[in-house]
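Asks: Residue numbers (our numbering), protein chains in the order written: chain A, 27 to 238; chain B, 45 to 512.
Since the hints were derived computationally from the structure, they do not count as laboratory data. There could be a bad hint or two in this list.
Said to hold, decoys possible - Listed next, the in silico DSS-like pairs over lysine-lysine satisfying Cα-Cα at most 25 angstroms (straight line):
(1) B:Lys459 / A:Lys137
(2) B:Lys184 / B:Lys143
(3) B:Lys195 / B:Lys143
(4) B:Lys459 / A:Lys133
(5) A:Lys122 / A:Lys81
(6) A:Lys133 / A:Lys84
(7) A:Lys133 / B:Lys455
(8) B:Lys455 / A:Lys127
(9) A:Lys101 / B:Lys184
(10) B:Lys195 / A:Lys206
(11) B:Lys500 / A:Lys133
(12) B:Lys269 / B:Lys201
(13) A:Lys147 / A:Lys162
Here the structure is a predicted model, which is why all the values come from computation and not from measurement.
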Amino acid sequence: MARRLLAYFLLDTSGSMHGEPIQALNNGFNGLISMLRSDPQAMDSLHVSVITFDKEVKNIIPLTDLASFQPVEIKCPESGPTHTGQALEMLCDLVKMDLVKGSMERKGDWKPLLFVFTDGKPSDLQLYRTATAKVKALDFGMIVGCAAGPKAETSFLKELTSEVVRLDTTDVNTLTTFFKWVSSSIEMGSKSQGTGENMVLPPPPGELIIVV
Amino acid sequence: MVELFLKQLLTEFNIAAGKFSDNTVARLLHNAKINELTKSITAAKNQVIGIFHMYKETEEFKDVETVLPNAVSRKHYEYRFDLSRFPNICIREIRNLDKAGLSFDAASAKISGIPASTLSVDLQLSFTCGQGEDQVEDIKIIPFTVNADPKDLWLNKPSNKNDLYAKADSDKYAGPFLDKRIAVASQRGRSHAHEGAFRDDHFYVCKLPLGWEIIAVADGAGSAKFSRQGSKIATTFIAESFHDETLLAELSERCSDYFSAAVSNTPETAVAAEDPALKHKSSIINILYKQVRNLHTKLIEFAQQEAIQLKDLNTTLIFALTGKFDNGYTVLTFGVGDCPVNIITGNPVEVKLLNQLDIGEFGGGTRFVTMPEIFTNDIASRFAINRFEDFSRLILMTDGVYDPKFVTENKLEDKAAWDTFFADLDGQNEDNARVDFLRNDGIEDQLLSWLNFWSKGNHDDRTLAIIY
Numbered sequence: 027m028a029r030r031l032l033a034y035f036l037l038d039t040s041g042s043m044h045g046e047p048i049q050a051l052n053n054g055f056n057g058l059i060s061m062l063r064s065d066p067q068a069m070d071s072l073h074v075s076v077i078t079f080d081k082e083v084k085n086i087i088p089l090t091d092l093a094s095f096q097p098v099e100i101k102c103p104e105s106g107p108t109h110t111g112q113a114l115e116m117l118c119d120l121v122k123m124d125l126v127k128g129s130m131e132r133k134g135d136w137k138p139l140l141f142v143f144t145d146g147k148p149s150d151l152q153l154y155r156t157a158t159a160k161v162k163a164l165d166f167g168m169i170v171g172c173a174a175g176p177k178a179e180t181s182f183l184k185e186l187t188s189e190v191v192r193l194d195t196t197d198v199n200t201l202t203t204f205f206k207w208v209s210s211s212i213e214m215g216s217k218s219q220g221t222g223e224n225m226v227l228p229p230p231p232g233e234l235i236i237v238v
Numbered sequence: 045m046v047e048l049f050l051k052q053l054l055t056e057f058n059i060a061a062g063k064f065s066d067n068t069v070a071r072l073l074h075n076a077k078i079n080e081l082t083k084s085i086t087a088a089k090n091q092v093i094g095i096f097h098m099y100k101e102t103e104e105f106k107d108v109e110t111v112l113p114n115a116v117s118r119k120h121y122e123y124r125f126d127l128s129r130f131p132n133i134c135i136r137e138i139r140n141l142d143k144a145g146l147s148f149d150a151a152s153a154k155i156s157g158i159p160a161s162t163l164s165v166d167l168q169l170s171f172t173c174g175q176g177e178d179q180v181e182d183i184k185i186i187p188f189t190v191n192a193d194p195k196d197l198w199l200n201k202p203s204n205k206n207d208l209y210a211k212a213d214s215d216k217y218a219g220p221f222l223d224k225r226i227a228v229a230s231q232r233g234r235s236h237a238h239e240g241a242f243r244d245d246h247f248y249v250c251k252l253p254l255g256w257e258i259i260a261v262a263d264g265a266g267s268a269k270f271s272r273q274g275s276k277i278a279t280t281f282i283a284e285s286f287h288d289e290t291l292l293a294e295l296s297e298r299c300s301d302y303f304s305a306a307v308s309n310t311p312e313t314a315v316a317a318e319d320p321a322l323k324h325k326s327s328i329i330n331i332l333y334k335q336v337r338n339l340h341t342k343l344i345e346f347a348q349q350e351a352i353q354l355k356d357l358n359t360t361l362i363f364a365l366t367g368k369f370d371n372g373y374t375v376l377t378f379g380v381g382d383c384p385v386n387i388i389t390g391n392p393v394e395v396k397l398l399n400q401l402d403i404g405e406f407g408g409g410t411r412f413v414t415m416p417e418i419f420t421n422d423i424a425s426r427f428a429i430n431r432f433e434d435f436s437r438l439i440l441m442t443d444g445v446y447d448p449k450f451v452t453e454n455k456l457e458d459k460a461a462w463d464t465f466f467a468d469l470d471g472q473n474e475d476n477a478r479v480d481f482l483r484n485d486g487i488e489d490q491l492l493s494w495l496n497f498w499s500k501g502n503h504d505d506r507t508l509a510i511i512y
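Modelling step: build the complete structure from the supplied sequences, incorporating the hints.
Replies: Encoded structure:
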């Protein structure tokens with residue numbers, strides 16, 4: 027069994043995403059999968075898991091290898107809170123369950139990647155803060171936070187990772203650009219694995235604003 | 045039937061039961077016209093409910109999640125729809141399926157064929173429900189994906205011959221080695237070929253004075269800019285540095301002393317402070333150590349001279365300095381990094397790993413000969429002094445070979461794993477690639493082709509040296 031690269035996607039499906047934003051997210055995410063399908067490294071090792079969070083938190087796509095991945099329709103309710111903290115809690119449980127550690131018989135997985143996409147801020151802030159500490163303890167290869175749209179707050183994502191990007195809008199073009207960048211980040215990630223060096227993100231396109 | 049029908053009808057029209065209505069019902073039970081109308085109304089109702097069920101089954105069929113496993117281009121694909129829950133559904137045709145190069149057989153509800161190229165498409169299942177004039181027609185959409193065969197996704201771009209420290213994308217060698225023979229091949233990995241990058245592995249075989257010969261193999265670090273040059277310097281410099289008759293004369297003598305002392309050692313004297321074997325061992329290691337130290341200095345000088353950083357040359361190194369003398373084969377080995385040196389002895393048949401491997405938890409935790417921190421007292425454990433009456437194979441390889449073929453380092457001393465490995469070399473693999481050790485001509489080409497084996501997730505440079 028070859029070493030796997032696990033990528034976790036936490037996608038905001040709270041009420042504010044209803045309408046065009048959720049359409050754009052679907053387009054962007056399924057586009058990302060298509061892009062990755064043409065990368066031989068990703069086809070070899072990438073496994074994807076998707077968690078959506080609104081009032082409810084769901085692992086809508088349990089860990090699946092890229093070759094078996096089926097297109098998905100991400101849905102969101104018309105209104106409701108953003109349980110980001112609960113999503114991070116679920117993420118920790120999933121990583122503990124999914125990640126194969128090296129043993130005498132088999133090589134362990136590479137350090138996993140995490141992408142958090144939100145258009146707001148956590149409604150469960152207390153849980154968010156305790157979960158953030160747990161996520162950090164899990165030793166991800168890279169965590170990227172994306173705050174999209176006018177109401178997204180970057181400060182909370184900053185508590186999770188130093189790699190935070192901002193999108194001004196949540197329209198189709200912007201999200202497509204974002205997911206293209208995610209795709210090249212993942213390709214970079216699978217390449218830098220095994221070199222013993224920290225992963226460096228590719229330079230983001232103009233639509234993305236790096237949050238310092 | 046007529047009575048029940050009439051009673052339900054009266055209820056529907058709010059006509060209360062009573063003497064007159066009861067009498068009327070009794071009278072109408074035998075009325076021919078009423079009987080006929082009841083029959084036709086019941087038949088009409090049945091027809092309506094039948095149509096209702098057809099439409100309902102249609103809706104359910106459209107809603108049920110049907111997942112077609114992804115196909116792979118040029119690989120046979122077959123999928124049969126399970127319609128057991130939908131007895132009246134019949135899939136007539138599937139539009140867009142021809143785009144994927146597949147066909148559908150309505151009678152068996154089966155998709156089959158060999159998809160030509162990668163594709164993502166929405167299949168339109170045109171289906172009917174029921175029979176005759178009440179038959180319902182509808183369309184169900186199912187997304188379908190044909191993945192590329194991963195082998196097709198890898199590009200093979202030649203490296204740029206005009207670049208600094210350019211190196212051939214592959215290398216090979218075969219020839220005599222002591223009273224045996226050696227075959228070596230080194231192949232650029234797919235991950236490098238995909239980007240037109242250089243092969244970072246290197247090997248060097250060299251005949252030395254006084255009956256010694258050396259084989260050195262190095263794996264340049266993927267993360268280091270000029271590791272292709274680092275591995276080249278490491279192998280050639282270390283091998284050539286033993287091209288020194290005085291040094292080898294001293295080494296031969298020390299080895300001879302060491303083996304005689306080691307043989308005469310009883311367990312009691314082995315622990316004594318003035319152990320002669322230990323003294324000779326120390327001299328041998330110091331002779332070898334000095335050359336490795338010189339190599340390190342050489343790498344520093346080279347980096348300075350080229351105005352590059354030492355870590356740009358990061359490379360692992362293994363070598364086996366061997367000679368055949370009166371009492372068998374002397375094999376002196378050294379290793380830094382994660383490449384193994386193994387020997388398969390003749391009698392009894394045993395597998396031995398002749399060096400310690402540096403392996404990190406997440407991979408990439410390896411060590412390089414460019415690192416100053418390896419030059420501590422602990423470096424002594426990186427050298428091994430061995431003598432074998434005979435051996436059938438002496439093997440040096442980079443992790444590009446052992447990762448896919450042995451997976452974990454503990455398998456490198458597992459006899460069964462080696463049996464599988466040699467069977468694989470002998471042609472027991474999906475490509476039927478065979479290395480014929482009984483024929484000398486072209487063995488290096490066979491070895492190079494064998495190195496092209498496919499292994500998911502393992503696309504590093506591969507170098508394999510076999511003395512046989």
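Asks: If a hint holds in the structure, say so; if it does not, say that too.
Replies: Each hint, compared with the structure:
Proposed proximity of Lys459 of chain B and Lys137 of chain A is contradicted: the alpha carbons are some 32 angstroms apart, above 25 angstroms. Note on Lys184 of chain B and Lys143 of chain B: the hinted pairing holds, with a Cα-Cα distance of about 17 angstroms set against a maximum of 25 angstroms. For the hint pairing Lys195 of chain B with Lys143 of chain B, the CA-to-CA distance comes to about 22 angstroms; that is within 25 angstroms, so the pair holds. Between Lys459 of chain B and Lys133 of chain A the CA atoms are separated by roughly 20 angstroms; this keeps the pair inside 25 angstroms, and the hint holds.
Taking the CA atoms of Lys122 of chain A and Lys81 of chain A, the gap is about 24 angstroms. The hint holds against a cut of 25 angstroms. Note on Lys133 of chain A and Lys84 of chain A: the hinted pairing is violated, with a Cα-Cα distance of about 30 angstroms set against a maximum of 25 angstroms. For the given pair, Lys133 of chain A sits about 12 angstroms from Lys455 of chain B by alpha-carbon distance, which is consistent with the 25 angstroms threshold. At most 25 angstroms may separate the alpha-carbon atoms for a hinted pair to count; Lys455 of chain B and Lys127 of chain A meet this at roughly 18 angstroms.
Between the alpha carbons of Lys101 of chain A and Lys184 of chain B the distance comes to roughly 20 angstroms, so the proposed pair stays at or under 25 angstroms and holds. A distance of roughly 23 angstroms separates the Cα atoms of Lys195 of chain B and Lys206 of chain A; the hinted pair therefore holds under the 25 angstroms criterion. Among the hinted pairs, Lys500 of chain B with Lys133 of chain A is consistent with the structure: their alpha-carbon atoms are about 13 angstroms apart, no more than 25 angstroms. Straight-line distance between C-alpha atoms of Lys269 of chain B and Lys201 of chain B comes to about 18 angstroms, which keeps the hinted pair within the 25 angstroms bound.
A threshold of 25 angstroms between alpha carbons decides the hint, and for Lys147 of chain A with Lys162 of chain A the separation of about 19 angstroms falls inside it, so the pair holds.
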